[in-house]
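Each chain, written out:
2 protein chains.
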Amino acid sequence: MNIAILTFDGFNELDSFIALGILNRMKGQGWNIQITSPTPEVTSMNGVVIQSQQQLEFVQNADVVLFGSGIYTREISVHRETMSQLVLNSTRQLVGAQCSGTLLLAKLGLLDSLPACTDLKSKPWVIEAGIEVVDQPFIAEKNIATAGGCLSSQYLACWVILKLAGVDAAKSALHYVAPVGEKDETVERCLHAVQRYI
Amino acid sequence: MNIAILTFDGFNELDSFIALGILNRMKGQGWNIQITSPTPEVTSMNGVVIQSQQQLEFVQNADVVLFGSGIYTREISVHRETMSQLVLNSTRQLVGAQCSGTLLLAKLGLLDSLPACTDLKSKPWVIEAGIEVVDQPFIAEKNIATAGGCLSSQYLACWVILKLAGVDAAKSALHYVAPVGEKDETVERCLHAVQRYI
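Protein chains in written order, with this note's numbering: chain A, 5 to 202; chain B, 5 to 202.
Please note that the accuracy of each hint is not assured.
The list treats identical chains as one, so a pair stands whether inside a single copy or across any two.
[What the hints assert, rightly or not] Taking lysine-lysine and the PhoX-like style, the derived pairs with C-alpha atoms no more than 25 Å apart in a straight line are:
| id | residue 1 | residue 2 |
| --- | --- | --- |
| 1 | K31 | K187 |
| 2 | K167 | K125 |
| 3 | K146 | K167 |
| 4 | K187 | K175 |
| 5 | K175 | K146 |
| 6 | K31 | K125 |
Simulated from the structure, these hints should not be mistaken for lab results. Because the structure is a prediction, the values reported are computed rather than measured.
Start from the sequences, fold in the hints, and give me the full structure.
Laid out in structure tokens, this is it:
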């Protein structure tokens with residue numbers, strides 16, 4: 005299973021790395037989760053420099069593509085060279101977006117008329133792109149999912165595992181990352197937010 | 005405010021980056037949060053290479069030192085050169101640890117006889133180091149705090165902001181990262197776990 009986590013300059017660390025950490029609980033089952041970027045290195049919104057693991061063309065044959073979030077998403081959404089490389093097909097790929105990443109899904113035409121989640125700051129831009137924004141952490145329809153608020157990236161990761169590996173695998177991954185003493189309630193909260201959309 | 009997030013090879017991405025992201029909500033108030041490592045680059049437990057922002061000696065004059073977690077913590081805990089550089093003073097510094105990071109606090113003698121939190125995998129090692137491990141996500145006493153389970157790194161960050169900037173600043177930082185539609189309950193859950201130790 006090849007999974008791209010799209011991560012651009014100015015990226016929000018929580019949005020890329022919470023999903024990456026949870027999805028890597030499936031590494032033992034052959035899942036291959038890759039930070040995917042237009043450049044060999046990207047710098048986070050708080051100045052952390054990381055090495056990308058894949059170039060943008062990786063998304064074309066990935067099984068799952070998750071759009072991270074960041075402070076330059078509006079600029080990226082009008083950058084023709086970058087956007088033209090994001091050739092996705094939601095009939096054969098799972099596609100998810102976190103916070104401002106929802107704007108990129110909208111601009112790529114992937115949301116069509118679906119309502120979507122995003123963060124409070126990105127909300128006016130997503131509405132401006134013609135999308136209805138709902139006041140909840142997560143929503144999905146068929147192979148497209150969106151999440152709003154950094155910590156809801158756990159819901160996006162949960163959705164991917166639920167769709168591709170089932171509920172026991174999702175529970176196990178969430179149980180591992182959940183706070184000690186709050187594991188069962190954390191797993192339940194995630195499943196409650198996500199499972200109705202499977 | 006200088007804050008070191010100790011991040012070693014094999015680090016857990018959630019443990020370093022959730023704290024980093026939340027604490028950076030205080031960037032506008034001059035807080036300086038730095039990934040601090042023994043080498044210019046470190047590779048995460050899932051193969052992500054990041055650039056360190058500070059060398060280990062940065063911890064000696066930091067206001068806050070948070071120990072991240074990772075898959076090589078036991079090896080680090082017996083690595084004399086690394087451990088000898090971790091010269092901390094909990095009378096003038098806040099010191100926190102996440103998951104296996106608690107083992108390093110124990111080995112440095114910083115926990116003394118305090119009970120501590122850690123993750124389920126590190127628990128036997130921490131007990132072996134003579135520390136009582138409690139079945140809860142977070143515990144603190146004076147200037148020392150420990151947390152167990154990746155997602156409880158939000159509690160460690162909350163504790164630092166509560167101690168140094170007060171409850172309104174902590175609420176604001178948590179509100180920003182919380183899932184949309186679950187913001188109030190997320191803030192409440194954090195404060196409930198942490199505030200009794202302030």
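Discussion item. With identical chains, the pair K31 and K125 could be close in the same copy or across copies; at 25 Å between alpha carbons, which is it: within, between, both, or neither?
Written reply: Close across copies (18 Å), not inside one copy (33 Å); limit 25 Å.
Worksheet entry | Status of K167 relative to K146 across identical chains (alpha carbons, at most 25 Å) | within (10 Å within a copy, 45 Å between copies)
Item to complete: Check K175 against K146 for me: Cα-Cα at most 25 Å, and say if that holds within a copy, between copies, both or neither.
Response: Classified as within; 21 Å inside a copy, 35 Å across copies.
Item to complete: Have a look at K167 and K125 and pick one of within, between, both or neither, based on CA distance no larger than 25 Å.
Response: Intra 29 Å, inter 28 Å, cutoff 25 Å: neither.
Item to complete: With 25 Å as the alpha-carbon cut-off, assign the pair K187 and K175 to within, between, both or neither.
Response: This pair counts as both: shortest intra-copy Cα distance 10 Å, inter-copy 23 Å.
Worksheet item: Between copies, within a copy, both or neither: which fits K31 and K187 at Cα up to 25 Å?
Response: within (21 Å within a copy, 31 Å between copies)
Of the numbered hints listed earlier, the single one contradicted by the structure is hint 2.
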